[in-house]
Amino acid sequence: MIDEKVIEIINTSLANEFELDIEKMVPDALLYEDLGLDSLDRVDTVILLEQAFKFKIREEEEIRQIRTLGDIHTFVINKIQSLRETEGAIQ
Amino acid sequence: MRRVVVTGMGSISPFGKGVDILMDALMANRSAIIAVPELADIGSLRTRVAALVTGVDPKEIPRKFRRSMSKMSVYATLASQEAITMSHITEEHCSSGQMGVSIGSTVGSPIATHEFYADFLRSNTLDNIRATLFFQIMNHSCASNVAQVLGITGRLLAPSSACSTSTQAIGYGYEMIAFGKQDIMLCGGSDEFHPLSAATFDIINAASINYNERPHMTPRPFDINRDGVVAAEGCGVLILESLESAVNRNAPVFAELIGFSTVTDHSSIADPNADSIESCIRKALGDASINPDEAHYINAHATGTILGDIAEAEAIARIFGSSIAVSSLKGHLGHTMAASGALETIATIGMMNRGFLIPTRNLDNIDPACKGLRHIRNIEQSNIEVAIKNNFALGGVNSCIVIRRYKHDR
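Note that the protein sequences, when read in sequence, are chains A and B.
Every letter in the first sequence is one number past the one before it in the working numbering, and letter 26, counting from 1, is 26.
In the working numbering, each residue carries its 1-based index in the second sequence increased by 1000.
Okay, chain A solo, but in the shape it has when bound (with noise of 0.2 angstroms):
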């Protein structure tokens, strides 16, 4: 899956279920103070991550670290790169 269409799901996913304004969604964008979400909404923005991506991520330590749309971005990247190298390690 190419960066581009990551971002897109990403993108569409967060603005269906917290009925973001799609302008407002530029990676430098602040989850709590540009885009108005808080703790219940970073829980459910990780039930959405798992099930568009189909990986398991609650108990990863980076999410901690997550504070910008861009982050998440990075973050589901670099988790599916990770993936692929687990998967091409293993076969």
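Just so you know, the hints here were simulated from the structure itself, not pulled from any lab data.
Any given hint could be a false lead.
In silico BS3-like pairs for lysine-lysine, Cα to Cα no more than 25 angstroms straight-line [claimed, not checked]:
| id | chain 1 | residue 1 | chain 2 | residue 2 |
| --- | --- | --- | --- | --- |
| 1 | A | 79 | A | 5 |
| 2 | A | 24 | B | 1283 |
| 3 | A | 79 | A | 56 |
| 4 | B | 1181 | A | 24 |
| 5 | A | 54 | A | 5 |
| 6 | B | 1283 | B | 1181 |
Knowing the structure of chain A, use the given hints to seat chain B on it.
Below, chain B alone, put in the same frame as chain A:
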């Protein structure tokens, strides 16, 4: 004891959004009962009728608040907003610590509970469970969600006594104000329809099953051909306020509450009992310090069940004979469960202020066992001074409030 008045009302009913829409539909003697064919998909469920809320847009509520709401909290929030607008309640009142909320429901959201177990029992994981689920299925969901939206900082109470819920919610709010613990209480009840609501009555042979093709002909309170409850949904809320507070802020006053009673009937967890109902009404009259001949109208609980209507009619006849006007609004609205006490109190206050008595819909032939009362069968002009609202519940919970036309005597 402080005097307590009603300074605002809000309604989400099967007739739509708003108190005026509710009153206009009742005055026009309309039925909100419809056929719900999809109930046929549920094995062994015989009833196929209900009264469902229409004309409500949940998106009127910002997502931040809406995300923790099921339908019943959406109804409670929209009804509460109507009530505080009517009452000219400001954000400062809500956050004063002197305003509380007392809104209950029969259970937490049955729809959210259903969805949770549908996923959990299939997947046996919590992977798909949203963070906001609990806030929809907790028993105080409606009260909490309303308090969050309105910024209410006073007491929070969520009585849960099935069909008696909102009369208790009103009664407990009334007592808090009368005893000086709060100045303003937002009181009522809310419920959302789920097939389990209908099934609860169907299982115990107390749901209407013979009018599935003629929904507007059921339920039939006090009628010889009645065959049970029609489940409905909605929300009613009233703003109760100390008379002093209402006068000080020049609030509109729609009625005065002068008495409340609630009793437990241990004779049966399911069957109504005339002795207990009589006791409840007499205690409410005592709380109001009035004699039976000072009351003019009873808005009956009468849901259209065989046993319930007879027990209530018997109790009313023992206390009042045929001197008091009686009608039930279940024939129009169905049984809005936890909302019924509040919605029907609002309608009773509406009758008081519009100068009319609304008849019992579908009462074509009075059951001889329910005779001896002055049943209202056609719309009547009447200047009600004192009215009584009855509400009885499965589980053996009876409750009753006494309402008086407000006299501008202060």
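Q: Take the C-alpha atoms of residue 79 of chain A and residue 5 of chain A, compute the straight-line distance between them, and say whether it is at most 25 angstroms.
A: Holds, at about 15 angstroms.
Q) Is it true that the CA of residue 54 of chain A sits at most 25 angstroms from the CA of residue 5 of chain A? A) holds (15 angstroms)
Q: Would you mind confirming whether the straight-line C-alpha gap from residue 24 of chain A to residue 1283 of chain B stays at or under 25 angstroms?
A: violated (61 angstroms)
Q. Given the hint that residue 1283 of chain B pairs with residue 1181 of chain B, does the C-alpha gap stay at or below 25 angstroms?
A. Holds. Residue 1283 of chain B to residue 1181 of chain B sits at ~23 angstroms (cutoff 25 angstroms).
(Q) Checking one constraint from the list: CA of residue 1181 of chain B to CA of residue 24 of chain A, max 25 angstroms. Satisfied? (A) violated (46 angstroms)
Q. Is residue 79 of chain A close enough to residue 56 of chain A, meaning Cα to Cα at most 25 angstroms?
A. holds (10 angstroms)
Violated hints, in rising order: 2 and 4; the structure is consistent with all others.
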